[in-house]
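As you go down the protein sequences, you meet chains X and P in turn. Just so we're aligned: 43 in our numbering is position 43 of the first sequence, and the numbers increase by one with no gaps anywhere. Just so we're aligned: 45 in our numbering is position 45 of the second sequence, and the numbers increase by one with no gaps anywhere.
Don't take each hint at face value.
Said to hold, decoys possible - Listed below are the simulated DMTMM-like cross-link pairs for lysine to aspartate or glutamate, each with C-alpha atoms no more than 20 Å apart in a straight line:
#1 86(P) to 232(P)
#2 18(X) to 40(P)
#3 78(P) to 40(P)
#4 71(X) to 54(P)
#5 86(P) to 131(P)
#6 73(P) to 30(X)
#7 198(P) to 220(P)
#8 71(X) to 112(X)
#9 18(X) to 112(X)
#10 78(P) to 52(X)
#11 73(P) to 113(X)
#12 195(P) to 233(P)
#13 78(P) to 54(X)
#14 198(P) to 232(P)
#15 73(P) to 106(P)
#16 103(X) to 113(X)
#17 98(P) to 81(P)
#18 80(X) to 112(X)
Stated by the list, open to error - Pulled from the structure, derived: some chain P residues nowhere near chain X, Cβ distances all over 12 Å:
#19 11
#20 12
#21 15
#22 28
#23 44
#24 52
#25 131
#26 198
#27 206
Bear in mind the hints are in silico, worked out from the structure with no lab data behind them. Remember, it's a predicted structure, so these values are computed and weren't measured experimentally. C-beta: ideal position from N, C-alpha, C; glycine also.
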Amino acid sequence: MSRPDRRVAIVPCSGIGKTYGSVSREAAYELVEDLRPESTELVALSLLVLGDGEARAVLAASPAVTVDGCKLACATKMVKGSGGTVARAVDVLDAYRRNRHLKPRGIADLNEDGRTLAHVVAGELAEAVDRIRDGQGGDDA
Amino acid sequence: MPDLPRRKVGIVACSGEERAEGTVTRRAALEVLERLRPGDTVTICLPLFLAGGEGDRAFARFYPTVTVDGCEKRCAAKATERYSGKPAAAMIVTEIAKENGIGPIEGPRQLNEAGLQAVSATAGRITDCVDVLLRSPRGGIDPMPRDTAAPPPGSSEPVGATCACGSGLPVRTVAIGEMPVPLVALPLIFEQFRKAGKGANQSTASELLETVRIYNSLPDGAERACAAALLDEYAAFLAEEGATP
Chain X
1 MSRPDRRVAI VPCSGIGKTY GSVSREAAYE LVEDLRPEST ELVALSLLVL
51 GDGEARAVLA ASPAVTVDGC KLACATKMVK GSGGTVARAV DVLDAYRRNR
101 HLKPRGIADL NEDGRTLAHV VAGELAEAVD RIRDGQGGDD A
Chain P
1 MPDLPRRKVG IVACSGEERA EGTVTRRAAL EVLERLRPGD TVTICLPLFL
51 AGGEGDRAFA RFYPTVTVDG CEKRCAAKAT ERYSGKPAAA MIVTEIAKEN
101 GIGPIEGPRQ LNEAGLQAVS ATAGRITDCV DVLLRSPRGG IDPMPRDTAA
151 PPPGSSEPVG ATCACGSGLP VRTVAIGEMP VPLVALPLIF EQFRKAGKGA
201 NQSTASELLE TVRIYNSLPD GAERACAAAL LDEYAAFLAE EGATP
């Protein structure tokens with residue numbers, strides 16, 4: 001069943017020491033601010049680490065799409081550990097493997113390839129959000 | 001002293017994605033890690049205290065740690081203390097901004113001018129804490145107000161931020177009395193002692209105690225029990241390695 005009113009929680013990793021963490025953050029911003037502002041909501045991972053009640057309530061009410069920048073998959077683990085449902089887990093490294101011509105660099109400031117990869121990931125996130133809202137669920141649902 | 005990683009200060013930023021102040025914490029931490037004190041600082045992603053292993057959770061016990069929060073919820077400070085170790089210093093961007101007459105900070109994705117000023121002021125405050133901690137014996141400090149502004153971003157060539165994510169500081173748990181105590185770097189210390197040909201005897205016990213103390217807080221008033229436990233564990237380690245205890 002289609003659920004056009006359904007907001008989707010977007011949880012990017014907080015990766016601070018690696019380029020792909022910055023890519024996940026930038027992709028989440030592009031999704032939430034530019035691509036699907038009406039249907040998505042950003043949830044900060046740090047709030048989940050602390051067990052913040054409001055953040056957990058958002059996850060209890062909304063399916064989540066996680067964006068991880070490394071194999072440790074903190075965002076996905078934290079959503080599951082917070083009682084949320086991961087409808088789709090997006091791995092930036094997978095997107096990179098499909099776009100090996102891009103050479104992302106930088107953490108505080110992504111280079112052009114990093115921003116391009118973030119744009120690619122944001123597009124995948126938008127598709128995942130649309131599928132979830134159309135009632136098709138996510139790949140990991 | 002064993003050949004352990006040289007002493008550095010840990011920086012844990014909340015990185016809160018939904019607030020501009022969260023972006024300030026991230027950029028200020030990176031400013032220190034990449035430009036201002038690249039050789040003296042290391043960082044870890046906050047979620048790893050839960051999503052990572054015991055080695056990740058040992059972070060704040062191994063490195064004197066400065067936490068940087070964007071708001072009064074103090075996620076980084078509280079989570080670090082709860083899951084890893086008490087931070088040596090803690091700061092909040094909203095307070096630093098207020099003290100410096102900066103604001104309002106806007107733009108989580110693209111900081112406005114006030115946000116960039118807050119990055120500079122916060123980076124300066126972190127740097128002050130790092131310098132004090134590197135000069136001080138192990139212990140906490142109260143972050144001091146900064147008299148001079150931090151160098152502007154771009155004033156020196158950045159290097160890659162040193163990330164401890166998943167590096168897994170080696171930990172070995174020792175029973176001291178009835179209490180299991182995870183001790184950071186103990187496997188490295190044991191290995192160093194073994195290579196130096198030190199046997200499991202009384203003179204080694206006191207040496208082990210002093211070395212372990214550099215990287216760990218041991219229970220107060222339990223020196224004798226600690227030394228005995230370390231000696232037993234070292235003897236077991238030598239046996240595991242096939243060496244003569």
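Given pair status - residue 81(P), residue 98(P), alpha carbons within 20 Å:
violated (25 Å)
Given as non-interface: residue 131(P), partner chain X, CB spacing beyond 12 Å
Correct as stated: the minimum Cβ-Cβ distance to chain X is 21 Å, above 12 Å.
For residue 52(P), which was marked as not at the interface, is the minimum beta-carbon distance to chain X over 12 Å?
violated (7 Å)
Holds or violated: residue 71(X) with residue 54(P), Cα cutoff 20 Å?
holds (17 Å)
Taking 20 Å as the top limit, are the C-alpha atoms of residue 103(X) and residue 113(X) close enough?
Distance of about 6 Å is within 20 Å: holds.
Any Cβ of chain X at or closer than 12 Å to residue 12(P), or is the non-interface label fine?
violated (9 Å)
Is the hinted pair residue 86(P) and residue 131(P) satisfied, with a Cα-Cα distance of at most 20 Å?
holds (18 Å)
Tell me if the straight-line CA distance from residue 78(P) to residue 54(X) falls inside 20 Å.
It holds: about 17 Å lies between the C-alpha atoms, which stays within 20 Å.
Minimum C-beta separation from residue 15(P) to chain X exceeding 12 Å: can you confirm that?
violated (4 Å)
For the pair supplied as a hint, residue 73(P) and residue 106(P), confirm whether the alpha-carbon distance does not exceed 20 Å.
holds (18 Å)
Given the proposed pairing of residue 18(X) with residue 112(X), does the C-alpha separation stay at or below 20 Å?
Holds, at roughly 16 Å.
Between the alpha carbons of residue 198(P) and residue 220(P), is the straight-line distance 20 Å or under?
Roughly 27 Å between the alpha carbons, so the hint for residue 198(P) and residue 220(P) is violated.
Taken one by one, the earlier hints fail for this structure at numbers 1, 3, 6, 7, 8, 11, 17, 18, 19, 20, 21, 22, 23, 24, listed in ascending order.
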